[in-house]
Amino acid sequence: MKKAFIKKSRTVYFVFGIGLLIGLAVLVMYLPDPGRSQEEVVSPYITRLRERVRTGYQEGYEVKPRMSVGYDLMKGGYYEGNEVRPIKRTRDEFKAPGVLRDLFPVSSTGAEVRIRSHLPDAHAGIKFYQQSTCTECHSRQARSFHTDRAGINCRQCHGAEPIPAIKHYYSPMNPIRRHAYVCATCHEGANDLFAQYIIHEPAPGALTTKESFPVFFYANWFMVLLLLGTMAFFIPHSLMMFLQELAMKKGKTGIDILFPLIPHRFKATLRKRFPKKKAPEK
Amino acid sequence: MTEKTYIKRYSKIHRLFHIFIVLTFMNQAVTGFSFLFITTDLGEKLSRLLGGYKTTFFLHKVGGVLMISGFLIHILYLLSKIDRRNLKTSIFGPDSLVPNLQDIKNLSQRVLSFFGFGSLPKIDRWAYWEKFGYWGVFWGMPLLGITGVMLMFPLLICSVVPGWTLNVAALLHRAEAILAVSYLFIIHFFFGHFSLSKFPLNEAMFSGRVELEELMEERPAWVERLQKEGKIELLKAKAPNPWYRVLYFIFGYAALACGFYIIIKGIDYSRYIKLH
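Quick note, the sequences are listed as chains A and W, same order.
Mapping to numbering that gives the first Met the number 0: the first sequence position 235 is 234, numbers consecutive.
Mapping to numbering that gives the first Met the number 0: the second sequence position 60 is 59, numbers consecutive.
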């Protein structure tokens, strides 16, 4: 009997052990590559890298613009040979059609914003740009732990004028090198995976977050519902228990103390149906 | 004057675990609230009281590590308590904290009794709300521990997982902390101390013993079971030492005051809580 039990438990342990190993192997397969802190990267995910090699498809920010010369961010112009030329004279990689011609600068489809996010100067051609502040237009981006807690302002990460768009190939904010050029200025040793932290977090409860960051959305609502559910059950429960205890002490049934507003006749029928109990003897 | 008979309800190790978790949890709650409300005057005050943002952060980390190690020790203790020969009774029996069918019956009986139906449930050693509290803490600890360690070593963690998990970890850490604080300082305090016989401080968890008369009202099924098995004589104890009583009254009142301060201030300032 005892031996059989031991034998059985051993097989159970064995099966569990093998299962655990298989689970770990699957987990390791789906984890991204270890992050690199000083290199340029395209994508930290192995699967996505493979897909890129297979299809030959690459995002705009991963491809150098069509020019054989370097781009000096600090001076705000291109080098052509030894000569520095201002941005306006060179052809932009993408043109922003119809920028700020209408009353509302952002189109309904967001196409202009997407195109703007590839420009060497993200705010090129915006009227009254000098007179406005960042959060007047980027109101959603005002939500940031770095601003709330550490008191960091926009320019400390996004740089001085002209502010390059985050997806322009040579921008320090480009995901290819963001970790080394921006994050690592404070977080020493930051790698590409670390740079995937979402600085301008969306509002976790908002429905738009369901599309942009579903894990965040569901985690938030799970916790909120858990909190509300616990409180909604236990607060009335404990109050009722307290009242019940008071009622018991006075030798009444629950009906008298909990439902003082019930009409007299209904109360009488209730009492007939559920006769009064004697107070516990002491 | 007849002497009151006391029954031993909690062993020394239970009380030690409780005092340990009270101390560490209070530390975590106060330091954590100082971060949560750091943009308001409440957070600033708390932070200043504890020696500034950095010191508070250090205290929070130390408390967290202590809590995690306490939790691991508690798990070892639990494993040592499992009786392998009668596995079923030791896990699902009335002396175990694992929820069982009887708890559901007790709960429904209690809820019906609020509306005047039926009688009060006969509760065994652990009531269903005590079990709920215990398992609430039990699942909250690993959640807070794992997310806390992730936030403690973000660069190390991010060599393996992508950075947006830190967003989720921070959210879960906050939300679970708020849940734990509100559960403990509202509902746990209520069940523990807000009854006519116990108010304002329930000594049971500190002295480890309860009066037999009280126990017959609150835990009739347990007393019945003990009498049937003839174990009740073994559990009888003397009244607690008055000096020890003074000590734990001071401790208990301090903890209660601290908890009430935190929960009242927290509700007052809850409009400033951002879960991002």
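Since the hints were made in silico from the structure, they are not lab data.
Check the hints yourself; a few may be wrong.
As the list claims (entries may be wrong) - Derived Cβ-Cβ restraints for the label pairs, each shown as a range:
1. A:152 to W:81: 52 to 62 angstroms
2. A:213 to W:60: 23 to 33 angstroms
3. W:272 to A:145: 39 to 49 angstroms
4. W:89 to A:14: 45 to 55 angstroms
5. A:131 to W:72: 27 to 37 angstroms
6. A:11 to W:267: 46 to 56 angstroms
7. W:98 to A:56: 50 to 60 angstroms
8. W:50 to A:213: 37 to 47 angstroms
9. A:18 to W:81: 49 to 59 angstroms
10. W:71 to A:224: 24 to 34 angstroms
11. W:74 to A:152: 24 to 34 angstroms
What the hints assert, rightly or not - Covered stretches of chain A (chain W as the covering partner; in silico rule of three or more C-beta atoms under 8 angstroms from a C-beta of chain W):
12. 116-122
13. 191-200
14. 221-229
15. 232-244
To be verified - Beyond 12 angstroms from chain A on every Cβ pair, some chain W residues (computed):
16. 67
17. 97
18. 153
19. 168
20. 235
21. 253
22. 273
Please read all numbers here as calculations on a predicted model, not as lab measurements.
By construction, the Cβ of each residue, glycine as well, lies at the ideal position given by its N, Cα and C atoms.
Going through the hints against the structure:
Take residue 152 of chain A and residue 81 of chain W: their Cβ atoms lie about 57 angstroms apart, and the range 52 to 62 angstroms holds. Distance hint check for residue 213 of chain A and residue 60 of chain W: the Cβ-Cβ separation is about 31 angstroms, which falls inside the suggested range of 23 to 33 angstroms. The hinted range of 39 to 49 angstroms is not satisfied by residue 272 of chain W and residue 145 of chain A, whose Cβ atoms lie roughly 19 angstroms apart. Against the hinted window of 45 to 55 angstroms, the Cβ-Cβ separation of residue 89 of chain W and residue 14 of chain A comes to about 23 angstroms, which falls outside the hint.
For residue 131 of chain A and residue 72 of chain W, the hinted distance range of 27 to 37 angstroms is not satisfied, since their beta carbons lie about 58 angstroms from each other. Checked against the hint of 46 to 56 angstroms, the C-beta distance between residue 11 of chain A and residue 267 of chain W comes to roughly 53 angstroms, which is consistent with it. Checked against the given bound of 50 to 60 angstroms, the beta carbons of residue 98 of chain W and residue 56 of chain A, roughly 53 angstroms apart, stay inside it. For the pair residue 50 of chain W and residue 213 of chain A, the supplied restraint of 37 to 47 angstroms holds, since their beta-carbon distance comes to about 40 angstroms.
About 22 angstroms separates the C-beta atoms of residue 18 of chain A and residue 81 of chain W, a value inconsistent with the hinted range of 49 to 59 angstroms. The hinted range of 24 to 34 angstroms is satisfied by residue 71 of chain W and residue 224 of chain A, whose Cβ atoms lie roughly 30 angstroms apart. At about 46 angstroms, the beta-carbon gap between residue 74 of chain W and residue 152 of chain A misses the expected band of 24 to 34 angstroms. Coverage of the segment 116-122 of chain A by chain W is violated in this model, with 0 residues showing a Cβ closer than 8 angstroms to a Cβ of that chain against a need of three.
Given a C-beta distance limit of less than 8 angstroms, the hint that chain W covers the segment 191-200 of chain A holds, as 7 residues qualify and 3 suffice. Here the segment 221-229 of chain A counts 5 residues with a CB under 8 angstroms from a CB of chain W, which clears the bar of 3, and the coverage holds. For a cut-off of 8 angstroms, the count of residues in the segment 232-244 of chain A with a CB near a CB of chain W stands at 9, and the three-residue condition holds. With a cut of 12 angstroms on Cβ distances, residue 67 of chain W stays outside the contact zone with chain A, its closest approach being about 21 angstroms.
Residue placement check: residue 97 of chain W keeps its beta carbon more than 12 angstroms from all beta carbons of chain A (closest about 20 angstroms). Its beta-carbon lying about 7 angstroms from the closest one in chain A, residue 153 of chain W breaks the requirement of being farther than 12 angstroms from that chain. The claim that residue 168 of chain W is not at the interface with chain A is violated, since a C-beta of that chain comes within 12 angstroms of its own (minimum 9 angstroms). Separation of residue 235 of chain W from chain A is adequate, the least Cβ-Cβ distance of about 22 angstroms exceeding the 12 angstroms criterion.
Every Cβ of chain A is farther than 12 angstroms from the Cβ of residue 253 of chain W; the closest lies at roughly 23 angstroms, confirming the non-interface assignment. Chain A draws residue 273 of chain W into its interface by the beta-carbon criterion, the shortest separation being 8 angstroms against a cut-off of 12 angstroms.
In summary, the numbered hints that this structure violates are 3, 4, 5, 9, 11, 12, 18, 19 and 22.
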